[in-house]
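Undergrad: Generate the whole structure from the sequences, applying the supplied hints.
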Amino acid sequence: MGAQLRVYKRRIRSVTATKKITKAMEMIAASRVVKAQRKVAASTPYAQELTRAVTAVGTGSNTKHPLTTEADNPTRAAVLLLTSDRGLAGAFNANAIKAAEQLTERLEREGKQVDTYIVGRRGVAHYNFRERKIAETFTGFTDEPSYADAKKVAAPLIEAIQSETADGGVDELHIVYTEFVSMMTQTAVGSRLLPLRLDDAAAETAGKGEILPLYDFEPSAEDVLDALLPRYVESRIYNALLQSAASKHAATRRAMKSATDNAGELINTLSRLANAARQAEITQEISEIVGGASALADATAGSDN
Amino acid sequence: MAAELHVALVAADREVWSGEATLVVARTTSGDIGVMPGHQPLLGVLESGPVTIRTPEGGTVVAAVHGGFISFADDKLSLLAEVAELSDEIDVQRVEQELARAKAEDDAEAQRAADVRLRAATAGR
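Line by line, the protein sequences are chains V and L.
Read in the numbering used here, the first sequence has 100 at position 100, and its numbers run on one by one without any break.
Read in the numbering used here, the second sequence has 93 at position 93, and its numbers run on one by one without any break.
Keep in mind the hints are simulated off the structure, nothing from the lab.
Since the structure is predicted, the reported quantities are computational estimates derived from the model, not experimental observations.
Coverage of chain V stretches by chain L, computed from C-beta distances (three or more under 8 angstroms per stretch; other residues unrestricted):
{"#": "1", "region": "30–44"}
{"#": "2", "region": "48–58"}
{"#": "3", "region": "213–219"}
{"#": "4", "region": "224–238"}
Glycine included, every Cβ here is placed at the ideal spot set by N, Cα and C.
TA: Rendered as structure tokens:
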């Protein structure tokens with residue numbers, strides 16, 4: 001076998017191995033998307049009921065609570081950015097980080113100081129590389145977040161929003177995550193979690209245009225709200241974590257699918273080149289033989305005379 | 001009026017139980033509360049404790065609920081809990097072990113959680 005052909009054969013082998021790996025990763029991601037989607041669906045009833053309850057207390061009572069009333073002059077805000085621990089997911093992390101940066105810029109233009117909280121090693125690495133300040137980081141659970149993880153993330157945020165701004169507390173809480181729209185579409189969105197926009201929360205509850213009944217609060221509206229809002233924040237963060245996980249797996253699946261397709265294409269091109277090289281080799285051998293034979297024939301014809 | 005209320009017991013990550021009931025008893029921070037069809041709209045904070053649901057067929061469903069909320073309106077009752085388990089899902093032996101361990105480690109919270117589970121499990125039998 002000629003040198004040229006051997007090189008092509010070796011490259012085909014290596015690309016085939018890569019293709020097998022990316023194909024496997026694609027299939028793993030596909031099965032994980034389904035699982036993650038199921039988890040999102042399973043967490044929906046709780047989130048919906050909780051949102052409904054929060055709306056009910058917020059609209060049904062005249063309670064003034066730090067978590068529902070906007071500060072007159074907000075000066076500090078917290079941004080929670082959800083990224084993934086691992087890459088190989090196309091533009092998934094880049095998009096989330098970009099959305100967070102845009103939001104931070106907007107908040108800073110409005111004259112607010114921004115504390116950044118980050119979930120996922122990718123986001124942490126991005127901020128560390130640029131030597132930006134991070135308030136707190138959480139890593140190690142982005143592939144399959146549990147409710148306990150959401151509680152862990154929510155705890156410092158709730159504490160920050162409940163403390164006075166002068167003591168390092170914040171007036172606003174924003175969250176940036178990748179919304180799972182469908183298998184093909186995932187969009188990075190930034191939204192304000194607190195203070196609560198009651199009309200937004202109301203729009204989210206299932207029954208449109210339904211009038212909420214006048215609730216009797218046990219023990220009192222303030223106590224109910226006090227207990228409800230941290231749970232509400234936790235459940236929203238949990239939901240965002242789950243959606244982000246589902247989106248990440250979908251993005252991985254897509255990235256790995258195109259990697260597999262590209263590998264296939266590369267194998268085709270390389271096979272053609274290898275075929276051409278083999279053919280060229282054969283042609284050369286034939287012409288060598290023919291040339292050699294005719295030279296020999298010429299030589300013997302000459303010696304006869 | 002149909003003397004039934006529709007109950008949904010949901011934990012943070014799943015729906016634990018849903019169905020019709022004639023009476024639901026739960027423990028709020030200010031004491032036990034029983035809800036029957038036609039109760040006034042109510043929103044309360046739950047303590048950890050067992051929740052008893054009486055079904056129209058005369059059966060009883062007991063669940064251990066660790067913190068959460070009860071909300072009732074229009075004969076629809078939702079019990080929201082971060083963690084909730086039905087009595088028949090609870091492995092008594094394991095909970096007893098947990099309780100012993102919590103006692104040994106002097107972990108009041110774990111002890112209470114295990115205790116609630118155990119009570120719910122025995123009440124459901």
